[in-house]
Amino acid sequence: MKVFIELCKARDAWLKLSLKERQDYVAQIGPVMEDLINRGAVIEAWGLNEDETDYKSEYNFFMVTKLPDDDMLKEFQSIVESAGWYDYFEQVNLSGSLMSPDEVIGKMLEL
Numbered sequence: 191m192k193v194f195i196e197l198c199k200a201r202d203a204w205l206k207l208s209l210k211e212r213q214d215y216v217a218q219i220g221p222v223m224e225d226l227i228n229r230g231a232v233i234e235a236w237g238l239n240e241d242e243t244d245y246k247s248e249y250n251f252f253m254v255t256k257l258p259d260d261d262m263l264k265e266f267q268s269i270v271e272s273a274g275w276y277d278y279f280e281q282v283n284l285s286g287s288l289m290s291p292d293e294v295i296g297k298m299l300e301l
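As numbered in our numbering, residues 191 to 301 make up the sequence shown, in order.
Treat the hints with caution; some may be incorrect.
[As the list claims (entries may be wrong)] For each label pair, taking beta carbons as the anchor points, the in silico distance ranges come out as: (1) W275 x S208: 10 to 20 Å; (2) D261 x S208: 28 to 38 Å; (3) G230 x A203: 14 to 24 Å; (4) L207 x L301: 34 to 44 Å; (5) M298 x F252: 21 to 31 Å; (6) L301 x D261: 37 to 47 Å.
Worth flagging that the hints you see were computed from the coordinates, not collected in a lab. Idealized CB from N, CA, C, for every residue including glycine.
Model the full assembly from the supplied sequences, consistent with the hints where possible.
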C-alpha cells in the first residue's frame with residue numbers, strides 16, 4: 191500500500207477563474223476519482239490547514255490518498271499533472287509505503 195500526501199495552495203490563475211469556471215474544472219475530477227476508488231484507491235483525509243497549527247505550513251489544504259501499488263501511484267500522479275492541477279495550485283507532495291512507527295524511527299536513527 192502506498193500513501194500520497196498533497197499540500198497545496200491556490201495560485202493566482204485559480205483565483206482569477208470565475209466560480210462557474212472553478213466548478214466546471216472540479217466537476218471533471220469526480221469521475222476520475224470514482225474510477226480510482228473502484229480500483230482500490232482510498233481517500234483517507236482531505237482538509238484545511240487550520241491557523242492554530244503549531245509550526246504551520248504555508249500550504250492551505252491537504253489531501254491524503256492510499257493507493258494499492260506503485261503503478262496506481264504513478265497513474266494518480268500522471269492524472270493530477272495532465273489535469274492541469276499544478277497550473278492552478280502550488281503544491282508539494284510526499285509519497286511512500288506504509289511503515290510502523292518503529293520502522294520510521296529506525297530509519298531516522300540511521301541518518
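Hints, one by one, checked against the model:
The supplied range of 10 to 20 Å is met by W275 and S208, whose beta-carbon atoms lie about 18 Å from each other. Checked against the hint of 28 to 38 Å, the pair D261 and S208 passes, with Cβ atoms roughly 37 Å apart. Checked against the hint of 14 to 24 Å, the C-beta distance between G230 and A203 comes to roughly 32 Å, which is inconsistent with it. Between L207 and L301 the beta carbons are some 43 Å apart, a value that agrees with the proposed interval 34 to 44 Å.
About 22 Å separates the C-beta atoms of M298 and F252, a value consistent with the hinted range of 21 to 31 Å. One distance hint, 37 to 47 Å for the beta-carbon pair L301 and D261, is violated here, with the actual separation near 30 Å.
Hints 3, 6 from the earlier list are contradicted by this structure; the remaining hints agree with it.
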